[in-house]
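K.L.:
Sequence:
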Amino acid sequence: MSDSRLSKLRELLESRNRILRSEAISMLTQYAPISCQQSIYSWDQLFDIVTQCFRSSLWECRVASAELLAALLFSADNAFYEKFEFLSK
0 MSDSRLSKLR ELLESRNRIL RSEAISMLTQ YAPISCQQSI YSWDQLFDIV TQCFRSSLWE
60 CRVASAELLA ALLFSADNAF YEKFEFLSK
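Okay, so the sequence shown: first residue is 0 according to numbering that gives the first Met the number 0, each after it adds one.
To be clear, the hints were calculated from the coordinates, so they are not data collected in a lab. Values in this document were obtained by computation on a predicted structure and should not be read as measured data. Some hints here could point you the wrong way.
To be verified - For each label pair, taking beta carbons as the anchor points, the in silico distance ranges come out as:
id	residue 1	residue 2	range
1	77	15	16 to 24 Å
2	43	73	13 to 21 Å
3	77	56	19 to 27 Å
4	69	43	15 to 23 Å
5	41	10	29 to 37 Å
6	61	22	15 to 23 Å
7	77	3	12 to 20 Å
8	25	3	32 to 40 Å
9	65	29	12 to 20 Å
Quick reminder that beta carbons are idealized off the backbone N, C-alpha and C, glycines included.
Can you make the complete structure from the sequences, with help from the hints?
P.N.:
If you want it as structure tokens, here you go:
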């Protein structure tokens, strides 16, 4: 995905509208490099967004970065267990 789309999603994380922030988090986690499928974002790009938002002066943006990090970890955890179950069968 282009850097312009990635920057637009980052801008949505700074929005005061909770629905927009949730949708941006959903889009970022949907295309994270978690499974074997082709990913659109790299881990470096995603964690750059997380760290930039953690440092934001806006409280909503810091909360969104924590929610994004939690969603990424949750998705990675689920993908790990799904792969582990597949290998054990």
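K.L.:
Regarding residue 69 and residue 43, is the given constraint of 15 to 23 Å on their beta-carbon distance met?
P.N.:
holds, 19 Å
K.L.:
In this structure, is the beta-carbon distance linking residue 41 and residue 10 contained in 29 to 37 Å?
P.N.:
For residue 41 and residue 10 the Cβ distance comes to about 19 Å; the hint is violated.
K.L.:
Please test the hint of 12 to 20 Å on the beta carbon pair from residue 77 and residue 3.
P.N.:
violated, 30 Å
K.L.:
Could you check the hint for me, namely that residue 61 and residue 22 are 15 to 23 Å apart, CB to CB?
P.N.:
Cβ of residue 61 to Cβ of residue 22: about 18 Å, so the range 15 to 23 Å holds.
K.L.:
Cβ-Cβ distance between residue 77 and residue 56: within 19 to 27 Å?
P.N.:
About 33 Å separates the Cβ atoms of residue 77 and residue 56, which means 19 to 27 Å is violated.
K.L.:
How does the Cβ-Cβ distance of residue 43 and residue 73 compare with 13 to 21 Å: does it lie in that range?
P.N.:
holds, 20 Å
K.L.:
Do the Cβ positions of residue 77 and residue 15 conform to the proposed distance bound of 16 to 24 Å?
P.N.:
The hint (16 to 24 Å, Cβ to Cβ) is violated, given that residue 77 and residue 15 are roughly 30 Å apart.
K.L.:
Hint says 12 to 20 Å; check whether the CB-CB distance for residue 65 and residue 29 agrees.
P.N.:
holds, 18 Å
K.L.:
Note whether the CB distance of residue 25 and residue 3 lies within 32 to 40 Å or breaks it.
P.N.:
For residue 3 against residue 25, whose Cβ atoms are near 19 Å apart, the range 32 to 40 Å is violated.
In this structure, the earlier hints numbered 1, 3, 5, 7 and 8 are contradicted, and the remaining ones agree with it.
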